[in-house]
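Whenever a hint applies, use it, and build me the whole structure from the sequences.
With the sequence shown counted from 1, adding 376 to any position gets you our numbering.
Just so you know, the hints here were simulated from the structure itself, not pulled from any lab data. Positions of the beta carbon are idealized from the N, C-alpha and C atoms, including for glycine. A few of these clues could be false.
[Unchecked claim] Between beta-carbon pairs, the in silico distance windows are:
no. : residue 1 : residue 2 : range
1   : His778    : Lys748    : 44 to 50 angstroms
2   : Arg809    : Leu481    : 49 to 55 angstroms
3   : Gly757    : Asp607    : 21 to 27 angstroms
4   : Thr427    : Gly579    : 28 to 34 angstroms
5   : Pro503    : Glu546    : 47 to 53 angstroms
6   : Glu546    : Ala504    : 29 to 35 angstroms
7   : Leu481    : Glu791    : 23 to 29 angstroms
8   : Thr710    : Val609    : 52 to 58 angstroms
9   : Pro696    : Arg543    : 18 to 24 angstroms
10  : Ile423    : Lys748    : 22 to 28 angstroms
11  : Glu658    : Cys716    : 42 to 48 angstroms
[As the list claims (entries may be wrong)] No more than 30 angstroms apart at the CA atoms, straight line, and that leaves these computed lysine-lysine pairs for DSSO-like:
no. : residue 1 : residue 2
12  : Lys511    : Lys704
13  : Lys620    : Lys476
14  : Lys741    : Lys450
15  : Lys450    : Lys748
16  : Lys836    : Lys476
17  : Lys848    : Lys544
18  : Lys853    : Lys544
19  : Lys848    : Lys741
20  : Lys618    : Lys848
21  : Lys618    : Lys450
22  : Lys544    : Lys704
23  : Lys741    : Lys544
24  : Lys511    : Lys644
25  : Lys550    : Lys704
26  : Lys836    : Lys550
27  : Lys853    : Lys550
28  : Lys698    : Lys544
29  : Lys476    : Lys741
30  : Lys836    : Lys853
31  : Lys698    : Lys476
32  : Lys511    : Lys698
33  : Lys704    : Lys836
34  : Lys620    : Lys450
35  : Lys550    : Lys450
36  : Lys511    : Lys741
37  : Lys836    : Lys618
38  : Lys640    : Lys618
39  : Lys853    : Lys698
40  : Lys698    : Lys550
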Amino acid sequence: MAAGLLALLGDILYPLPVGWVLLSAVVLAVIVRLSTDPLRHVPGPLIARLTPLWLWYISYNGIECRTIAALHEKYGPVVRIAPNEVDISDGAAVNPIYVKSGGFLKSDMYQHYDFEGFPTIFSTRDPAQRVSRAKAVAPMFATREIMRGRPVVQEVIDGMVAELERRKAEAAGKPLDVLNLFRALSIDITTAYLFGESFNGLGRQRLSATAFVDSLFSGARFFYLPSWLYDRVYLLASMFNKEKVNIATSNDIVERFIVRAVTKSVAKKDTEAQTYQGRLLEAGISQEEVKSQLLDVVFAGTDPPAMALAMMCWFLRTFPAKYERARKEVLGNTDLDASCLPYLAGVVKESLRLSMATPTRLPRKVPSGGFKACGVSIPAGTSVGIGAYSLHLNPDVFPNPHEFMPERWLDTTPEMLRDSFSFGSGLRQCIARNLATQWLFWIAETLIRSDVLQGARPAKDDVEVREWFNVKVIGGKIELIWE
377 MAAGLLALLG DILYPLPVGW VLLSAVVLAV IVRLSTDPLR HVPGPLIARL
427 TPLWLWYISY NGIECRTIAA LHEKYGPVVR IAPNEVDISD GAAVNPIYVK
477 SGGFLKSDMY QHYDFEGFPT IFSTRDPAQR VSRAKAVAPM FATREIMRGR
527 PVVQEVIDGM VAELERRKAE AAGKPLDVLN LFRALSIDIT TAYLFGESFN
577 GLGRQRLSAT AFVDSLFSGA RFFYLPSWLY DRVYLLASMF NKEKVNIATS
627 NDIVERFIVR AVTKSVAKKD TEAQTYQGRL LEAGISQEEV KSQLLDVVFA
677 GTDPPAMALA MMCWFLRTFP AKYERARKEV LGNTDLDASC LPYLAGVVKE
727 SLRLSMATPT RLPRKVPSGG FKACGVSIPA GTSVGIGAYS LHLNPDVFPN
777 PHEFMPERWL DTTPEMLRDS FSFGSGLRQC IARNLATQWL FWIAETLIRS
827 DVLQGARPAK DDVEVREWFN VKVIGGKIEL IWE
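So this is what it looks like as structure tokens:
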């Protein structure tokens, strides 16, 4: 029958010009695709049903979140954004996708974040591979161990405050980039606590790891590309990057630091010091892979905390009354850990909510048997996900969502906790969630107690970003001016 249909179609098209034949073939292919499409019932723009190019375009241009948010306004909480991609904005879907039974498996795009051919604790799609590595280092992220490490962390924080005072005096009323400062702080705390040796980023006017981190962040423009295309596009973009010399220098500095840390651990058989690299080596992980795991830690541990801190300072100095309220609470406290101060906790949580270091969805593969979200059935093999942008700016959960309101956290609802997605959720959430959050409390307390922010104001009325998988501040700076 099919042969007869094709023969009939051939008889019809034979007399027509080649152009018409090709056009007819394209139209027929589109009709067949749409009529047999397993996701045809999922609402979304027509172009998203036909090609992923549309998604690649909005991702590359850094407008993915706002564009998809507009689609949710039009189509509802479940929207198709590419032939095999579905975005969900309802926080009720967080549990089945990311938490229940360990959550769905990560999508293939995460392999873009492998380092030197090795899947990392963050990027691996194999749960068993992650468990063996995460288990080795998990004790370092336990609350008791974090508290024991406070002297090491506090020393770095105090050094940052002194450096901020120095730079503030040197700036003499000119804009001062606090994002760069907090990047240096983040990498120094991360390496001092986890690796047993500080990178000493605060000792440099411009963080030497900046180009290393930025070059990797720039790859987030191509996050949705299949791996065979991603590798080629990323290589091509790197070849024409105006900063390629600085990137090469930065990469070399970071890699030499990592090699030194691993080599030291091997030389002294680091089983007592229990550093991050020592624990991985003790678990039987090869030296080459351990180096890759450490590179991933430097990458992941630099910008997200720095973004939250820079935005926290920007907000507190935009709203001086909120700064004074936090300061009054901090100065009145003599015994409690910073994390126990209600308003300060609100400041930290609100800064995380609005900074959104990873604003886009975290894609997962629907398992066999399919999945239903908001009454919409989604077949197995589909890539689904929820993003912090959708959750953190949901007015039904966070009224006046674009406003910085630490006081909202004084009366926390279950939905607010459910939709707090700065570190992801479930077994595959950021392994350093507790660690990073505790550090943010200590840093916020120290900054406010020192009053180093007094008299500062934002240099600009807004902070513009590109909504990549890893958010990118346009211009690369968040600046304050002291008057």
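Cross-check of the supplied hints:
The hint said 44 to 50 angstroms for the Cβ distance between His778 and Lys748, and at roughly 31 angstroms that hint is violated. Checking the proposed 49 to 55 angstroms range against Arg809 and Leu481 shows it is violated: the Cβ atoms sit about 20 angstroms from each other. Roughly 23 angstroms separates the CB atoms of Gly757 and Asp607, a value that falls within the hinted 21 to 27 angstroms. The beta-carbon spacing between Thr427 and Gly579, approximately 49 angstroms, falls outside the hinted interval of 28 to 34 angstroms.
Distance hint for Pro503 and Glu546: a CB-CB separation of about 50 angstroms, consistent with the stated range 47 to 53 angstroms. Glu546 and Ala504 have their C-beta atoms about 52 angstroms apart, which leaves the hinted 29 to 35 angstroms range violated. For Leu481 and Glu791, the hinted distance range of 23 to 29 angstroms is satisfied, since their beta carbons lie about 27 angstroms from each other. The given range of 52 to 58 angstroms is respected by Thr710 and Val609, whose C-beta atoms sit roughly 56 angstroms from each other.
For the pair Pro696 and Arg543, the supplied restraint of 18 to 24 angstroms holds, since their beta-carbon distance comes to about 21 angstroms. A hinted range of 22 to 28 angstroms for the beta carbons of Ile423 and Lys748 is consistent with their spacing of about 25 angstroms. The supplied range of 42 to 48 angstroms is broken by Glu658 and Cys716, whose beta-carbon atoms lie about 35 angstroms from each other. For the suggested pair Lys511 and Lys704, the alpha carbons sit about 41 angstroms apart, so the restraint of at most 30 angstroms is broken.
At roughly 43 angstroms between alpha-carbon atoms, Lys620 and Lys476 are farther apart than 30 angstroms, so this suggested pair is violated. In summary, the hint linking Lys741 to Lys450 is supported, as the alpha carbons are separated by about 25 angstroms, within the 30 angstroms threshold. Of the supplied pair hints, the one linking Lys450 and Lys748 holds, its CA atoms being roughly 20 angstroms apart against a limit of 30 angstroms. Note on Lys836 and Lys476: the hinted pairing is violated, with a Cα-Cα distance of about 43 angstroms set against a maximum of 30 angstroms.
Between Lys848 and Lys544, the direct Cα distance comes to roughly 25 angstroms. Compliance with the 30 angstroms bound is thereby established for this hinted pair. The hinted pair formed by Lys853 and Lys544 meets the criterion: a straight-line CA distance of about 16 angstroms does not exceed 30 angstroms. In summary, the hint linking Lys848 to Lys741 is supported, as the alpha carbons are separated by about 26 angstroms, within the 30 angstroms threshold. A threshold of 30 angstroms between alpha carbons decides the hint, and for Lys618 with Lys848 the separation of about 17 angstroms falls inside it, so the pair holds.
Distance check on the hinted pair: Lys618 and Lys450 sit about 40 angstroms apart at the alpha-carbon level, beyond 30 angstroms; violated. Taken as a hint, the Lys544 and Lys704 pair is honoured in the structure, with Cα atoms around 23 angstroms apart against an allowance of 30 angstroms. Of the pairs offered as hints, the one joining Lys741 and Lys544 is violated, with about 48 angstroms between alpha carbons and a cut-off of 30 angstroms exceeded. Under the criterion of a C-alpha separation no larger than 30 angstroms, the hint pairing Lys511 with Lys644 is consistent with the structure, at around 22 angstroms.
Simply put, Lys550 and Lys704 have alpha-carbon atoms about 28 angstroms apart, close enough for the 30 angstroms limit, and the pair holds. Our distance criterion of 30 angstroms between C-alpha atoms is met by Lys836 and Lys550, whose separation comes to about 12 angstroms. For a cut-off of 30 angstroms, the pair hint linking Lys853 to Lys550 stands: about 14 angstroms separates their Cα positions. For the suggested pair Lys698 and Lys544, the alpha carbons sit about 22 angstroms apart, so the restraint of at most 30 angstroms is met.
Between the alpha carbons of Lys476 and Lys741 the distance comes to roughly 14 angstroms, so the proposed pair stays at or under 30 angstroms and holds. For the hint linking Lys836 to Lys853, the alpha-carbon distance of about 11 angstroms falls within 30 angstroms, and the restraint holds. Simply put, Lys698 and Lys476 have alpha-carbon atoms about 38 angstroms apart, too far for the 30 angstroms limit, and the pair is violated. A C-alpha spacing of about 40 angstroms is found between Lys511 and Lys698, which places the hinted pair above 30 angstroms, so the restraint is violated.
With a C-alpha separation of about 27 angstroms, the suggested pair Lys704 and Lys836 falls inside the 30 angstroms cut-off, and the hint holds. Distance hint between Lys620 and Lys450 is unfulfilled; the C-alpha atoms sit about 42 angstroms from each other, more than 30 angstroms. Straight-line distance between C-alpha atoms of Lys550 and Lys450 comes to about 44 angstroms, which puts the hinted pair past the 30 angstroms bound. This hinted pair checks out: Lys511 and Lys741 have alpha carbons roughly 24 angstroms apart, not beyond 30 angstroms.
For the hint pairing Lys836 with Lys618, the CA-to-CA distance comes to about 27 angstroms; that is within 30 angstroms, so the pair holds. A C-alpha spacing of about 35 angstroms is found between Lys640 and Lys618, which places the hinted pair above 30 angstroms, so the restraint is violated. Taken as a hint, the Lys853 and Lys698 pair is honoured in the structure, with Cα atoms around 23 angstroms apart against an allowance of 30 angstroms. Annotation: proposed proximity of Lys698 to Lys550 holds, straight-line Cα distance about 24 angstroms (limit 30 angstroms).
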